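Chain by chain, the residues run as shown.
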Amino acid sequence: MKSDIAYIDDNRLNLEAVQTILSQDFNVQTFNKPENFLAIFDQSSYTTILVDIHMPTLDGFTLYEKIIEHPHYNGCPILFISSDDSDSARIKSFVLGAVDFLNRDINPEEMIARIKSKIQFYQKHRSIIEFTNLRVNLTLLKAYLNSKELPLTFIEFKILCLVLRNYPDVITKEQLIQQVWRTDHVLDATIYTHVSNLNSKLGDWDYEINGLKTKGVQLMKKVTA
Amino acid sequence: MKWSLLYFDDQIQNIEAFKEILSDKFNVIGCSDATAFPQMLEEYHPNAILLDVHMPIMDGHTLYKNISQHPLYNGCPVIFISGDASDENKIKSYEGGGIDFLSRNLKIEEIAIRLENKIKFFTQMSTNLELGNLMVDVKSMKASINNKNLDLTLLELRMLNHLLRSYPQTLSRTELISRVWGNDSVKPGTINTHLTNLKPKIDNWDYQIKVREDNILIQKKDKT
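In order, the protein sequences belong to chains L and U. Going by this note's numbering, the first sequence opens with residue 75, and the numbers climb by one from there. Going by this note's numbering, the second sequence opens with residue 3, and the numbers climb by one from there.
Some hints here could point you the wrong way.
Computed footprint of chain L on chain U, listed as stretches where at least three residues anywhere in the stretch have a Cβ under 8 Å from a Cβ of chain L [what the hints assert, rightly or not]: (1) 33-40; (2) 156-166; (3) 209-222.
Think about it this way: if two alpha-carbon atoms lie no more than 25 Å apart in a straight line, the pair counts; the simulated BS3-like pairs of lysine-lysine are [said to hold, decoys possible]: (4) LYS122/U <-> LYS198/L; (5) LYS222/L <-> LYS4/U; (6) LYS223/U <-> LYS166/L; (7) LYS247/L <-> LYS94/U; (8) LYS203/U <-> LYS223/U; (9) LYS201/U <-> LYS216/L; (10) LYS94/U <-> LYS76/L; (11) LYS232/L <-> LYS203/U; (12) LYS27/U <-> LYS223/U; (13) LYS140/L <-> LYS216/L; (14) LYS4/U <-> LYS94/U.
Derived by calculation from the structure, the hints in this document are not laboratory data. Computed from a prediction, not measured in an experiment: that's the story for all the values here. Note that the Cβ used here is the ideal one computed from N, Cα and C, for glycine as well.
Can you build the whole structure from these sequences, using the hints too?
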């Protein structure tokens, strides 16, 4: 499966040229206005974002900062792309924190290899669990539903991660006690209190955690009556 | 504190030069014998590894393959460096697993910032944090000192997590609040309460958390 890449550049000719180069290896979505990209950022998930530096309404450096501060940002590599290969443009890109700077005129094969190397590294180390409109960021230790942070307790956070990782399997009571509480024995009533509190915080999400009295717990799609 | 950079290059004068010019931000550990990589990985836990591409006994690309399969490799970014900036050499380095390729012609300022960037990209994502005898595994949400589990609250683990991720740099009180609590208004004094609760739990750590005016930092304890 091809990785999803977003590419933002005000120049349509650039968008087309780079898309042609990359479309064999990646699924490229192009945006000729940074504002349009930001408007749909909530509903999208990319493995790489390519940002042009010189744009009239919102320059690439400002766009970069808006992306990394966005609650929906998944930590994927962000690369600058420009035909301005001056030392100052490159250094400024790196100082901001971009993982690479691509001169638009480099060998297409090199462009592909540089993007792939970042994606590989990201996928090996990324620590974000995404499940429909729910996102758990393990490096921040926070969970978001529709980009809104859920106020979870530590126990609830651990239960949520466990059911997400094991979906659609059942987690036995023993596994649950051992991995969430790290002890040998927890009362059934305690488990169910935490699970039901977690479910109510998940509100009208399409999924819920079902406590199966004898077996354990499991994440399941809600049955609509 | 500086980033630790493990640098393999058969030319000792290159190693010496990098030790000198990168010394502001990096502690460069040099090794001119590529075949000694198992001992180096055993002894050091680098933040990044820099590999010269052209080396006589084992070239940089082969060395990368060996390092990446070694059980003690910590997953840190590997960057290639070479005087040969041909497309072929660059592409081979990226396809061979390097996260960056540095031409020796680059300004030292750019080399330093590109190395540091890859380290930051890695530490932001990494789920295994280690400093001294403290280990935090955020994937399984466990923290331990000398392999003994710590009983932390979610907020304590978040604070520790962010302090470890920014180490060796310090965090200001407002930065820590915005990372741990989000942008909600939390009184600056709240941090003190949580730090006070955290302190006895991490008493056996070789490091300690210090509050210096508006900054919160991790500091090695003096050996007495």
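*With a cut-off of 25 Å on the C-alpha distance, tell me whether LYS94/U and LYS76/L pass.*
Roughly 21 Å separates the two Cα atoms, so the pair holds.
*For the segment 156-166 of chain U, does the count of residues with a C-beta closer than 8 Å to a C-beta of chain L reach 3?*
Holds: 4 residues of the segment 156-166 of chain U have a Cβ under 8 Å from chain L.
*Okay, the segment 33-40 of chain U and chain L, do three or more residues pass the C-beta test at under 8 Å?*
violated (count 0)
*Is it true that the CA of LYS247/L sits at most 25 Å from the CA of LYS94/U?*
It is violated: about 50 Å lies between the C-alpha atoms, which goes past 25 Å.
_Tell me if the straight-line CA distance from LYS122/U to LYS198/L falls inside 25 Å._
holds, 16 Å
*Would the pair LYS4/U and LYS94/U pass a check requiring their Cα atoms to be no farther apart than 25 Å?*
violated, 30 Å
*Keeping to a limit of 25 Å between CA atoms, is the pair of LYS27/U and LYS223/U held or broken?*
Cα-Cα ~22 Å, so holds.
*asked:* Tell me if the straight-line CA distance from LYS223/U to LYS166/L falls inside 25 Å.
replied: violated, 37 Å
*Decide if the proposed pair is consistent with the structure: LYS222/L and LYS4/U, CA atoms, cutoff 25 Å inclusive.*
Violated, at about 36 Å.
*Does the alpha-carbon distance linking LYS203/U and LYS223/U stay inside the 25 Å limit?*
holds, 16 Å
*Decide if the proposed pair is consistent with the structure: LYS140/L and LYS216/L, CA atoms, cutoff 25 Å inclusive.*
holds, 20 Å
*In terms of beta carbon proximity below 8 Å, does the segment 209-222 of chain U have 3 or more residues touching chain L?*
violated (count 0)
Of the numbered hints listed earlier, those contradicted by the structure are 1, 3, 5, 6, 7, 14.
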